[in-house]
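Novice: All chains should be built: construct the whole structure from the sequences, respecting the hints.
If you want the building blocks of each chain, they are given just below.
Protein chains: 2
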Amino acid sequence: MLSTMQDVPLTVTRILVHGALVHGKAQVITWTGDGEPQRRTFRDVALRSTQLANALHEELGVEEGQVVGSLMWNNCEHLEAYLAVPSMGAVLHTLNLRLPADQLTWIVNHAADRVIIVNGSLLPLLAPLLPLLTSVEHVVVAGPGDRSVLDGCRAAVHDYEELIEGRPTRYPWPVTDERRAAALCYTSGTTGDPKGVAYSHRSIYLHSMQINSMEGFCLSARDTLLPVVPMFHANAWGTPHAAFMGGASILMPDRFLQPAPLADMIESVRPTLSAAVPTIWQGLLSELDARPRDVSSLREVYIGGSTCPPSLMRAFEERHGIRVVHAWGMTELSPLGSVAHPPGGLTAEEEWPYRVSQGRFPASVEYRLTAADGGLVPWDGSSVGELEVRGPWIAGAYFGGADGEPFRPEDKFTPDGWLKTGDVGAISEDGFLTLTDRAKDVIKSGGEWISSVELENHLMAHPDVAEAAVVAVPDEKWGERPLATVVLKDGTGVDYETLRAFLAERIAHWQLPERWALIEEVPKTSVGKFDKKVIRRRYADGELDVTQLDPSGA
Amino acid sequence: MLSTMQDVPLTVTRILVHGALVHGKAQVITWTGDGEPQRRTFRDVALRSTQLANALHEELGVEEGQVVGSLMWNNCEHLEAYLAVPSMGAVLHTLNLRLPADQLTWIVNHAADRVIIVNGSLLPLLAPLLPLLTSVEHVVVAGPGDRSVLDGCRAAVHDYEELIEGRPTRYPWPVTDERRAAALCYTSGTTGDPKGVAYSHRSIYLHSMQINSMEGFCLSARDTLLPVVPMFHANAWGTPHAAFMGGASILMPDRFLQPAPLADMIESVRPTLSAAVPTIWQGLLSELDARPRDVSSLREVYIGGSTCPPSLMRAFEERHGIRVVHAWGMTELSPLGSVAHPPGGLTAEEEWPYRVSQGRFPASVEYRLTAADGGLVPWDGSSVGELEVRGPWIAGAYFGGADGEPFRPEDKFTPDGWLKTGDVGAISEDGFLTLTDRAKDVIKSGGEWISSVELENHLMAHPDVAEAAVVAVPDEKWGERPLATVVLKDGTGVDYETLRAFLAERIAHWQLPERWALIEEVPKTSVGKFDKKVIRRRYADGELDVTQLDPSGA
Chain A
1 MLSTMQDVPL
11 TVTRILVHGA
21 LVHGKAQVIT
31 WTGDGEPQRR
41 TFRDVALRST
51 QLANALHEEL
61 GVEEGQVVGS
71 LMWNNCEHLE
81 AYLAVPSMGA
91 VLHTLNLRLP
101 ADQLTWIVNH
111 AADRVIIVNG
121 SLLPLLAPLL
131 PLLTSVEHVV
141 VAGPGDRSVL
151 DGCRAAVHDY
161 EELIEGRPTR
171 YPWPVTDERR
181 AAALCYTSGT
191 TGDPKGVAYS
201 HRSIYLHSMQ
211 INSMEGFCLS
221 ARDTLLPVVP
231 MFHANAWGTP
241 HAAFMGGASI
251 LMPDRFLQPA
261 PLADMIESVR
271 PTLSAAVPTI
281 WQGLLSELDA
291 RPRDVSSLRE
301 VYIGGSTCPP
311 SLMRAFEERH
321 GIRVVHAWGM
331 TELSPLGSVA
341 HPPGGLTAEE
351 EWPYRVSQGR
361 FPASVEYRLT
371 AADGGLVPWD
381 GSSVGELEVR
391 GPWIAGAYFG
401 GADGEPFRPE
411 DKFTPDGWLK
421 TGDVGAISED
431 GFLTLTDRAK
441 DVIKSGGEWI
451 SSVELENHLM
461 AHPDVAEAAV
471 VAVPDEKWGE
481 RPLATVVLKD
491 GTGVDYETLR
501 AFLAERIAHW
511 QLPERWALIE
521 EVPKTSVGKF
531 DKKVIRRRYA
541 DGELDVTQLD
551 PSGA
Chain B
555 MLSTMQDVPL
565 TVTRILVHGA
575 LVHGKAQVIT
585 WTGDGEPQRR
595 TFRDVALRST
605 QLANALHEEL
615 GVEEGQVVGS
625 LMWNNCEHLE
635 AYLAVPSMGA
645 VLHTLNLRLP
655 ADQLTWIVNH
665 AADRVIIVNG
675 SLLPLLAPLL
685 PLLTSVEHVV
695 VAGPGDRSVL
705 DGCRAAVHDY
715 EELIEGRPTR
725 YPWPVTDERR
735 AAALCYTSGT
745 TGDPKGVAYS
755 HRSIYLHSMQ
765 INSMEGFCLS
775 ARDTLLPVVP
785 MFHANAWGTP
795 HAAFMGGASI
805 LMPDRFLQPA
815 PLADMIESVR
825 PTLSAAVPTI
835 WQGLLSELDA
845 RPRDVSSLRE
855 VYIGGSTCPP
865 SLMRAFEERH
875 GIRVVHAWGM
885 TELSPLGSVA
895 HPPGGLTAEE
905 EWPYRVSQGR
915 FPASVEYRLT
925 AADGGLVPWD
935 GSSVGELEVR
945 GPWIAGAYFG
955 GADGEPFRPE
965 DKFTPDGWLK
975 TGDVGAISED
985 GFLTLTDRAK
995 DVIKSGGEWI
1005 SSVELENHLM
1015 AHPDVAEAAV
1025 VAVPDEKWGE
1035 RPLATVVLKD
1045 GTGVDYETLR
1055 AFLAERIAHW
1065 QLPERWALIE
1075 EVPKTSVGKF
1085 DKKVIRRRYA
1095 DGELDVTQLD
1105 PSGA
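Residue numbers (my numbering), protein chains in the order written: chain A, 1 to 554; chain B, 555 to 1108.
Note that these hints are calculated values from the structure, not bench results.
Glycine included, C-beta positions come from ideal geometry on N, C-alpha and C.
A hint or two may mislead.
[As the list claims (entries may be wrong)] Incomplete in silico selection of chain B near chain A, CB under 7 Å:
1. V576
2. V703
3. A735
4. S757
5. C772
6. S774
7. G945
8. A951
9. F953
[As the list claims (entries may be wrong)] Here are the simulated lysine to aspartate or glutamate pairs, DMTMM-like style, with alpha carbons at most 20 Å apart:
10. A/K412 with B/D561
11. B/K966 with A/D7
12. A/K25 with B/E904
13. A/K25 with B/E983
14. A/K25 with B/E1030
15. B/K579 with A/E351
16. B/K579 with A/E350
17. A/K412 with B/E983
18. A/K420 with B/E904
19. A/K25 with B/D561
20. B/K998 with B/D1018
Specialist: Below, the structure written as structure tokens:
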């Protein structure tokens, strides 16, 4: 039986029109670093978005399905592009300004951006790349910055304000199929080319509803949101769309992401809710210790991107009365994910184990753990497996492979269409997720998984060990076994048997490494993480001096 | 460009599975009137729902697309039917047990219910109708009640518990198109046959997300919900689906809807949130005055169904610390509607004008006011028009007309597909709706609308007037003009000119009635509302002694 309900699509256009009409008085406040911040009402933002759409279509010839890039900070003009470009049926490609130049070039060419809207302050980054960006015909410059660096470039150059000025404030928004692409964001893994995720109107709309829900960020028209997480990073966790949908004012930090201006803008504009990675909050905490500001307007801050140290969460709560909420997500998940809201009826202390977990998923994110042997892992709080997810705002493929078709790499998608997150952890009976490892860092030994992170933490707790990295190496009998590489503290000398005995008191016998090697330093990536693929390669190349102990126990 | 997101449907099945897995410890608590309430976890409810689906399919032969009726109070078994029937691809038809017998018979036959699940306590209502219910092959009786009244009936009779006992706790849930019907609810207008609204999986899913949002009822896993509004009335405002989706425990009042047991169950089970019509809250307030109970667990109650007197809202807040939130909806809207959450940054007193309005609509409900001449009415807080709405959980047609096809009566749907709510009001600049009249009660005079309710309120403020009803009557020059019918208080005698002068100080001159009649009593409907169609008919039949004053001003 067919229902009798209206068939109305879920689109970014609806978010634009609704925000303008119903929440027209809410504000977008962009920090300018000196003097008064720039303030525009949602109504003005929507009118300017409409003018932008007209300009892109009339003047630059942008058609439905074409790609418009943005190389911008978090500011009002970026939000205008967020709303205008998808609403006119085109696709907004947010460019990560922190990517290496070659990757940035690669993704602009891969997505075939016809236009790039760029902040003036980022022109020094864009200008040298322009000759390599084969599809880019127009550059639109927003905000202050020296335009002369673009002199002589092949693309036509426009000033954002001049381009939109006097354009019509109405646009014949197309009725868009909710499954069409609205926005494009590339995720840069550690291996291979960046992979594009093409968010749909449907996924953005549903995700916005989720952010505004009690299981999400509890964002409402009574809030002012400070999105510190960049708008080029999974749509600033979807918060600008959600704020415009729900009528929350938005404080945009622009390029002022250092602790001091962040503290200044919080004191001055008084946001109620914020979202950022732990590093930002760590920096803000130190800044407030050094030079106190009134940050009492903040009721909650959402932390994600990497695991937040519980000490940081407690520090914010105890010293500033700000509740820190842990969340987990990925670009492929729009990016939400799980949120660590504890169950009801608990004391503050009882809430902590739930709050430091990755949290629970909403109904729209189905989740399961898969064991090394492919079987499902029970939700008992201790059995571990790789996290796989499924749902209407989760990627089911990547954008445009070699032949232009969506592609589904085997290491990223299961045959039945679930996304493999590459994260390993356990889920409690009541659905709370605790992640322990990246899948590539666990050792798959005889159908069981051994956590390299756990082994490393135990080894580094030994008084003579400076650093330790554990990696999986091939083993004929078990498939994989752990190799422990250890950096000793200066002037110390322990033997492997002692270290293994130390471990044996802390972990199961079958998890104990047989292979050991001393190294001078653990190789690191550019952001300071252990670079385990270097260790694995050195082992494969026979460069390590490996001692093999008698297999013990297993 | 197509997106790369997964194409996962929004279904009731997802709500069922998610609630069972992630919120398995939440509870459904059904009040039993004596002794301990019945308690089941979401996990148990989901298992029993699955057994019910197996029973309906295996034993009763229910197939996808067929209709299963429920004639039940708010209790756990009704929730099990809510989850099981749509998940197996069938349609749950909730039967309004307060309908007259002939209407109940009509809708069961119209929807072709094959099965009716009925509470034992409601058998005296169902038994006499059964011989007339031509499509009903099976009756499933849940809960206590004398089954002997069914002796000799044509349909097969089953006991709910015996039927589901021992059935498999797995079911091969079909992958359902989200636009298929999941539930069916008839709305009984004052004229014509009842009209069926067939909710889709999509509409129920999106509506549930909205109830759990900050713009909705802010319902979460930290709540215990008490839905007093019946589950046969627009799915209890969608709250049971939302609670199961978000993990809120549910206190089901079953048939104990009188003020005394409601107060008892609130004190005993301590719900945090409730939803009901104003009459319920008025009764509860009096009950608490007469015999105080501890109702401090309630943080918010949502009131809808009819306009809530501000005095009632204030009384709950001041005497019991419970915040009353006004909401508006219709069966055709799933039923939400607008919610009167005030904007941020206001004092408690400044919030009141917003809180006594009908509130604002979320992004998924597009709304507009249409004037008598068909033009759009500006959102200026004073211009009035008929409210029209559009969105993914709003009916676009009614279920099965004479030929079985969906039908779209002209007085209910605009040519461009919007639902005409039949309500008249104004919308403020920031989107807050204030309803003033039913469309059929406004007087369309020369392209302007005159509020009969406003005229009545002013007339009834005159010290000599006991009651007054104003209706539209045909007028050659203006299309329609108001007729004022007045009931004087005993022993008083005023002339019409005096009353008109009294009105003239309060309303615009062109709104003043020329036609006046004294009547002995305003005719009322069975629920005590003014029955204006009786007055209009008496006027048309020449039964009223009408005095025509000189036209004034207009």
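Novice: Indicate, hint by hint, whether the structure satisfies it.
Specialist: Hints, one by one, checked against the model:
no.	hint	in the structure
1	V576	holds, 4 Å
2	V703	violated, 31 Å
3	A735	holds, 4 Å
4	S757	holds, 5 Å
5	C772	holds, 6 Å
6	S774	holds, 4 Å
7	G945	holds, 5 Å
8	A951	holds, 4 Å
9	F953	holds, 5 Å
10	A/K412 with B/D561	holds, 17 Å
11	B/K966 with A/D7	holds, 17 Å
12	A/K25 with B/E904	holds, 17 Å
13	A/K25 with B/E983	holds, 9 Å
14	A/K25 with B/E1030	violated, 45 Å
15	B/K579 with A/E351	holds, 16 Å
16	B/K579 with A/E350	holds, 17 Å
17	A/K412 with B/E983	violated, 48 Å
18	A/K420 with B/E904	violated, 51 Å
19	A/K25 with B/D561	violated, 36 Å
20	B/K998 with B/D1018	violated, 28 Å
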